[in-house]
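Peer 1: Given the structure of chain A, go ahead and fit chain B onto it with the hints provided.
Number of protein chains: 2
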Amino acid sequence: MAPPVTVNSINPSTELIAFLCAHINLRILSFRQVIECEYAVRGEIVILAQKLQEEIKANPAAHPFEEILYCNIGNPQSLGQQPITFFREVLALCDHPSLLDKSETQSLFSTDSIQRASKILDQIPGRATGAYSHSQGVKGLRDTIAAGIEARDSFPADPNDIFLTDGASPAVHMMIQLLIRSENDGILCPIPQYPLYSASIALHGGTLVPYYLDEATGWGLEVSDLKKQLETAKSKGIDVRALVVINPGNPTGQVLAEENRKEIAKFCKEEGLVLLADEVYQENVYVPEKKFHSFKKVSRSMGYGEKDIHLVSFQSVSKGYYGECGKRGGYMEITRFGADVREHIYKLASVNLCSNISGQILASLVMSPPKVGDESYESYSAKRDGILSSLARRAKTLEDAFNKLEGVTCNKAEGAMYLFPRINLPEKAIKAAGEARTAADAFYCRRLLTETGIVFVPGSGFGQVPGTWHFRCTILPQEYKIPAVVTRLTDFHKRFMDEFRD
Amino acid sequence: MAPPVTVNSINPSTELIAFLCAHINLRILSFRQVIECEYAVRGEIVILAQKLQEEIKANPAAHPFEEILYCNIGNPQSLGQQPITFFREVLALCDHPSLLDKSETQSLFSTDSIQRASKILDQIPGRATGAYSHSQGVKGLRDTIAAGIEARDSFPADPNDIFLTDGASPAVHMMIQLLIRSENDGILCPIPQYPLYSASIALHGGTLVPYYLDEATGWGLEVSDLKKQLETAKSKGIDVRALVVINPGNPTGQVLAEENRKEIAKFCKEEGLVLLADEVYQENVYVPEKKFHSFKKVSRSMGYGEKDIHLVSFQSVSKGYYGECGKRGGYMEITRFGADVREHIYKLASVNLCSNISGQILASLVMSPPKVGDESYESYSAKRDGILSSLARRAKTLEDAFNKLEGVTCNKAEGAMYLFPRINLPEKAIKAAGEARTAADAFYCRRLLTETGIVFVPGSGFGQVPGTWHFRCTILPQEYKIPAVVTRLTDFHKRFMDEFRD
Numbered sequence: 001m002a003p004p005v006t007v008n009s010i011n012p013s014t015e016l017i018a019f020l021c022a023h024i025n026l027r028i029l030s031f032r033q034v035i036e037c038e039y040a041v042r043g044e045i046v047i048l049a050q051k052l053q054e055e056i057k058a059n060p061a062a063h064p065f066e067e068i069l070y071c072n073i074g075n076p077q078s079l080g081q082q083p084i085t086f087f088r089e090v091l092a093l094c095d096h097p098s099l100l101d102k103s104e105t106q107s108l109f110s111t112d113s114i115q116r117a118s119k120i121l122d123q124i125p126g127r128a129t130g131a132y133s134h135s136q137g138v139k140g141l142r143d144t145i146a147a148g149i150e151a152r153d154s155f156p157a158d159p160n161d162i163f164l165t166d167g168a169s170p171a172v173h174m175m176i177q178l179l180i181r182s183e184n185d186g187i188l189c190p191i192p193q194y195p196l197y198s199a200s201i202a203l204h205g206g207t208l209v210p211y212y213l214d215e216a217t218g219w220g221l222e223v224s225d226l227k228k229q230l231e232t233a234k235s236k237g238i239d240v241r242a243l244v245v246i247n248p249g250n251p252t253g254q255v256l257a258e259e260n261r262k263e264i265a266k267f268c269k270e271e272g273l274v275l276l277a278d279e280v281y282q283e284n285v286y287v288p289e290k291k292f293h294s295f296k297k298v299s300r301s302m303g304y305g306e307k308d309i310h311l312v313s314f315q316s317v318s319k320g321y322y323g324e325c326g327k328r329g330g331y332m333e334i335t336r337f338g339a340d341v342r343e344h345i346y347k348l349a350s351v352n353l354c355s356n357i358s359g360q361i362l363a364s365l366v367m368s369p370p371k372v373g374d375e376s377y378e379s380y381s382a383k384r385d386g387i388l389s390s391l392a393r394r395a396k397t398l399e400d401a402f403n404k405l406e407g408v409t410c411n412k413a414e415g416a417m418y419l420f421p422r423i424n425l426p427e428k429a430i431k432a433a434g435e436a437r438t439a440a441d442a443f444y445c446r447r448l449l450t451e452t453g454i455v456f457v458p459g460s461g462f463g464q465v466p467g468t469w470h471f472r473c474t475i476l477p478q479e480y481k482i483p484a485v486v487t488r489l490t491d492f493h494k495r496f497m498d499e500f501r502d
Numbered sequence: 001m002a003p004p005v006t007v008n009s010i011n012p013s014t015e016l017i018a019f020l021c022a023h024i025n026l027r028i029l030s031f032r033q034v035i036e037c038e039y040a041v042r043g044e045i046v047i048l049a050q051k052l053q054e055e056i057k058a059n060p061a062a063h064p065f066e067e068i069l070y071c072n073i074g075n076p077q078s079l080g081q082q083p084i085t086f087f088r089e090v091l092a093l094c095d096h097p098s099l100l101d102k103s104e105t106q107s108l109f110s111t112d113s114i115q116r117a118s119k120i121l122d123q124i125p126g127r128a129t130g131a132y133s134h135s136q137g138v139k140g141l142r143d144t145i146a147a148g149i150e151a152r153d154s155f156p157a158d159p160n161d162i163f164l165t166d167g168a169s170p171a172v173h174m175m176i177q178l179l180i181r182s183e184n185d186g187i188l189c190p191i192p193q194y195p196l197y198s199a200s201i202a203l204h205g206g207t208l209v210p211y212y213l214d215e216a217t218g219w220g221l222e223v224s225d226l227k228k229q230l231e232t233a234k235s236k237g238i239d240v241r242a243l244v245v246i247n248p249g250n251p252t253g254q255v256l257a258e259e260n261r262k263e264i265a266k267f268c269k270e271e272g273l274v275l276l277a278d279e280v281y282q283e284n285v286y287v288p289e290k291k292f293h294s295f296k297k298v299s300r301s302m303g304y305g306e307k308d309i310h311l312v313s314f315q316s317v318s319k320g321y322y323g324e325c326g327k328r329g330g331y332m333e334i335t336r337f338g339a340d341v342r343e344h345i346y347k348l349a350s351v352n353l354c355s356n357i358s359g360q361i362l363a364s365l366v367m368s369p370p371k372v373g374d375e376s377y378e379s380y381s382a383k384r385d386g387i388l389s390s391l392a393r394r395a396k397t398l399e400d401a402f403n404k405l406e407g408v409t410c411n412k413a414e415g416a417m418y419l420f421p422r423i424n425l426p427e428k429a430i431k432a433a434g435e436a437r438t439a440a441d442a443f444y445c446r447r448l449l450t451e452t453g454i455v456f457v458p459g460s461g462f463g464q465v466p467g468t469w470h471f472r473c474t475i476l477p478q479e480y481k482i483p484a485v486v487t488r489l490t491d492f493h494k495r496f497m498d499e500f501r502d
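Chains as they are written, first to last, in the UniProt record's numbering: chain A, 1 to 502; chain B, 1 to 502.
Don't read these hints as lab results, they were simulated from the structure.
There may be inaccurate statements among the hints.
Since copy identity is lost for identical chains, a pair holds within one copy or between any two.
[As the list claims (entries may be wrong)] Straight-line distance between alpha carbons at most 30 Å, and here's what the computed BS3-like set of lysine-lysine pairs gives:
hint	residue 1	residue 2
1	K291	K307
2	K297	K51
3	K297	K383
4	K269	K396
5	K119	K494
6	K102	K291
7	K396	K307
8	K481	K119
9	K291	K262
10	K119	K102
11	K227	K431
12	K383	K119
13	K227	K266
14	K119	K57
15	K371	K102
16	K51	K307
17	K412	K297
18	K412	K57
19	K297	K481
20	K481	K383
21	K102	K383
22	K102	K234
23	K307	K269
24	K291	K57
25	K139	K51
26	K57	K139
Everything numeric in this text was worked out from a predicted model, so none of it was measured.
One chain only, chain A, in its complex shape (with noise of 0.2 Å):
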């Protein structure tokens, strides 16, 4: 006889639980969203794509093309570039600890990566990288990762505020989920976006509120604007909760000025909004008038201190010089959080237990590289000075390339991975895509890949203004393909617009 049971009769904090009630809403609807809008980098042109490396492998002679050049996704290393070897060597050393004590290790491995590694397996309690950590990450290493935005920022950061994720975007989906209690909360986002934060707000059951970065001033960010849609989003019952910046830009590529960051830390203080800074792209950075600095030292630096301004900054190991995407690391640091909402951040992080210890030991290494005087300093400073040069010379080169072809406009590539490229679509090619019943840009992307192999993003998955078409490039082929990928794209948009040109 089965008796009647209770099922997660647990006796939570009822704090906690109110808490929950009060910041979490899920939808169904917004779930969709999510779907739609990753599928865009990873969707049905990449699917195409692989189908058609497929054909190619199976009867090369069947193709217009030898290979597909893949300019989708924030994916460096798929395309060839190469890791840093004292993160790897660090890595390996973590793996396995009893390399350590080995002597053939000391002529394998660089002294500094042994050095690291001990030091790091030492911050490990037990030194072990198979265990779960505590649910912010290993403490030793948010040491390491504060240490290293104070060197970055030279003002000071706490471990406590560092909160290790397997990337940046369970990040950002965390901070959503607490920011976001109904639909009537709202969060300011930059259109173009990464559908990131599109699809984490909606999936929260919160609104978008939208700001605009304006195309025909290098897709700047207008105070003004921001104030606008903070306006009308008040006057429509919205409560306007946090402000989202991506810098540097994804997927425009801009870096933002540095009267234009101070504004925006004014904005938010003056109107109590948390600042989401998304600076997954610290290090890339293309030109030299531009340089990186984060909200935090902004805002320190104009003399705001804990009690002025809510401040969340995503980072993240797949991006950088260092694209180490397949580790599936990254932190976040929030500041100006009491700790009541610490403590709720802590909760949610737990569901998961831990973030992956190799991607938390590469959070850690990214933020505190080797200095000079390290045995790895020079090899290591050569190859990321090397990638990141040769991305800014790929960047130039693909901008000019765009900036050629007929009917098509883009924007300087000043930083991040990415271009945004308009195009300005003959009507009888928008009528075609309709007929297709397809969006003009994926019509556009589509016979782009099948008659060159590249794939490039419709702008449709970013948001734009409508009636305008966008595609997202990435810069990261490896630079001998590069002119490959301008005389096809350049062929390829003449013929285009020769049969559809009106």
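Peer 2: Here is chain B on its own, set in the frame of chain A:
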């Protein structure tokens, strides 16, 4: 002037949207349950334990015990279990592939680890362990896992049926998400159960249909009870879609008998239920009279083919003799799902791009460990057998100790990593717990912690017959510490009963 914009206006497959609308349902209240449930194994009592640990460090003399004895979570390496050398050698070589070109590597690494790492790197496109992989996981690694499943079961396995995930939990969430369309969809789950299932069902807006493991017959699973619960659910208008079986059991530690496994497969076939088989403890069997057989092997042995039964098997690198929790690796094998459903699972997997590559590699290694004749085989098998036989002894010692305590009964420890003893708490203790506004089993566990340093999880976190009280105790403290656990527990229990005995 900011124009109106379209966000997320890409053109997804309408089929996909229709499917997702039909199959996905997220609800607010349910998320609360996730937090509550997962909270149990990492919750209030664990936070108190960590606090006590800090206090002991600062002032050892002020506490009646020298260290905290963590028996709350299946995290073997945190308690000193060493990883399998071969696995870590391969991971290190894959993290730093240039080691393969060095002569010193021959003397530092086993021959078979070098061969395996070379093979794995050849299977990864571009040998890029730092790149995002295919959303299902690296194809070559799935080939290896499928071969491992074939070797285990003596029935064919298809790499296209494998989805690699960051541990087993994301795979469970994915399947529950696909199965639940509304609150009228039900899933049969054991009680007591690992709270992941109740949480995931609630999260996705479905109904948990409980079936009862019978404590009196060693946590046996009665198919007559399954049928009864199914009929009851049907009479309430619930469309029961799947059955969860955890074998070996968590938190209950039983291993299903052969006849019982067959009855379950037959029941699922006849009732058209998806069988969700949590088989993450497949290596953890401690009694000679019981063997693990996968439900795939069981059903194929009964003559059931692909067309007869929908089957999902979950596996993880966190359990077994390997216990690699920090690596976050796992997979699910799905059989008898059409191309359409498989495509939708692929879409869900794509949202997170891919699981971490080290976890993927490790999942391939645990399903294809060294074989007789390989250089590592002897040390590997000695370590494996040593760990498993030690776990068996620890389980037996703890089981015997529990059964000697006044008012406590404990079923045989057949498998997994847990015991789930029942404690007959005196009325006076239950009253004291009520006054302290806590569940009676949590009251006991808290007292146990503060007086002895031993950390158990209250049974109420897993579901139990109302009025009965249990706790979950892992068998993972190192073997030399088990006598201390037994002594401290026994002494505490006597004092507790002396204080509260009716």
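Peer 1: If a hint holds in the structure, say so; if it does not, say that too.
Peer 2: So, going through the hints one by one against the coordinates:
Taking identical chains as interchangeable, the C-alpha atoms of K291 and K307 lie at most 30 Å apart only when both belong to the same chain, with a minimum of 27 Å there against 61 Å between chains. In this assembly of identical chains, K297 and K51 lie within 30 Å of each other by CA distance neither inside one copy nor across copies; the values are 47 Å within and 33 Å between. Proximity of K297 and K383 under a CA criterion of 30 Å is satisfied intra-copy only: 27 Å inside one chain copy versus 51 Å between copies. In the homo-oligomer, the alpha carbons of K269 and K396 never lie at most 30 Å apart, since the shortest distance is 36 Å inside one protomer and 61 Å across protomers.
When the C-alpha separation of K119 and K494 is checked against a cutoff of 30 Å, the pair qualifies neither within a copy, at 58 Å, nor between copies, at 45 Å. Taking the closest pair of Cα atoms, K102 and K291 never come within 30 Å of each other, the shortest separation being 44 Å inside a single copy and 40 Å across copies. In this assembly of identical chains, the alpha carbons of K396 and K307 never lie at most 30 Å apart, being 42 Å within a copy and 56 Å across copies at closest. Taking the closest pair of Cα atoms, K481 and K119 come within 30 Å of each other only across two copies (28 Å); inside a single copy the shortest separation is 41 Å, beyond that limit.
With identical chains, the CA atoms of K291 and K262 are at most 30 Å apart within one copy only, with a shortest distance of 14 Å there and 66 Å across copies. Taking CA atoms no more than 30 Å apart as the test, K119 paired with K102 passes in both settings, with 17 Å inside one copy and 25 Å between copies. In the homo-oligomer, the alpha carbons of K227 and K431 never lie at most 30 Å apart, since the shortest distance is 38 Å inside one protomer and 58 Å across protomers. Taking the shortest Cα distances, K383 and K119 sit within 30 Å of each other both inside one copy (24 Å) and across copies (27 Å).
For a Cα distance limit of 30 Å, the shortest separation of K227 from K266 inside one copy, 12 Å, qualifies, whereas the shortest one across copies, 64 Å, does not. Within a single copy, K119 and K57 get their C-alpha atoms only as close as 47 Å, which misses the 30 Å cut-off; across copies the closest is 21 Å, which meets it. In the homo-oligomer, the alpha carbons of K371 and K102 lie at most 30 Å apart both inside one protomer (26 Å) and across protomers (26 Å), since each shortest distance falls under that limit. Taking the closest pair of Cα atoms, K51 and K307 come within 30 Å of each other only across two copies (28 Å); inside a single copy the shortest separation is 54 Å, beyond that limit.
In this homomeric assembly, K412 and K297 come within 30 Å of each other (Cα to Cα) only inside a single copy, at 25 Å, whereas the closest approach across copies is 60 Å. In the homo-oligomer, the alpha carbons of K412 and K57 never lie at most 30 Å apart, since the shortest distance is 37 Å inside one protomer and 56 Å across protomers. For a Cα distance limit of 30 Å, the shortest separation of K297 from K481 qualifies neither inside one copy, at 38 Å, nor across copies, at 49 Å. Proximity of K481 to K383 under the C-alpha cut-off of 30 Å is restricted to the intra-copy arrangement: shortest distance 19 Å within a copy versus 49 Å between copies.
In this assembly of identical chains, K102 and K383 lie within 30 Å of each other by CA distance both inside one copy and across copies; the values are 28 Å within and 21 Å between. Taking CA atoms no more than 30 Å apart as the test, K102 paired with K234 passes in neither setting, with 65 Å inside one copy and 64 Å between copies. Taking the closest pair of Cα atoms, K307 and K269 come within 30 Å of each other only inside a single copy of the chain (10 Å); across copies the shortest separation is 62 Å, beyond that limit. Neither within a single protomer nor between protomers do K291 and K57 lie at most 30 Å apart by alpha-carbon distance, with minima of 44 Å and 45 Å respectively.
Taking identical chains as interchangeable, the C-alpha atoms of K139 and K51 lie at most 30 Å apart only when they sit on different chains, with a minimum of 15 Å there against 45 Å within one chain. Taking the shortest alpha-carbon separations for K57 and K139, only the inter-copy value of 16 Å comes in at or below 30 Å, while the best intra-copy value is 48 Å.
Hint compliance for this structure: hints 2, 4, 5, 6, 7, 11, 18, 19, 22 and 24 are broken, all remaining hints hold.
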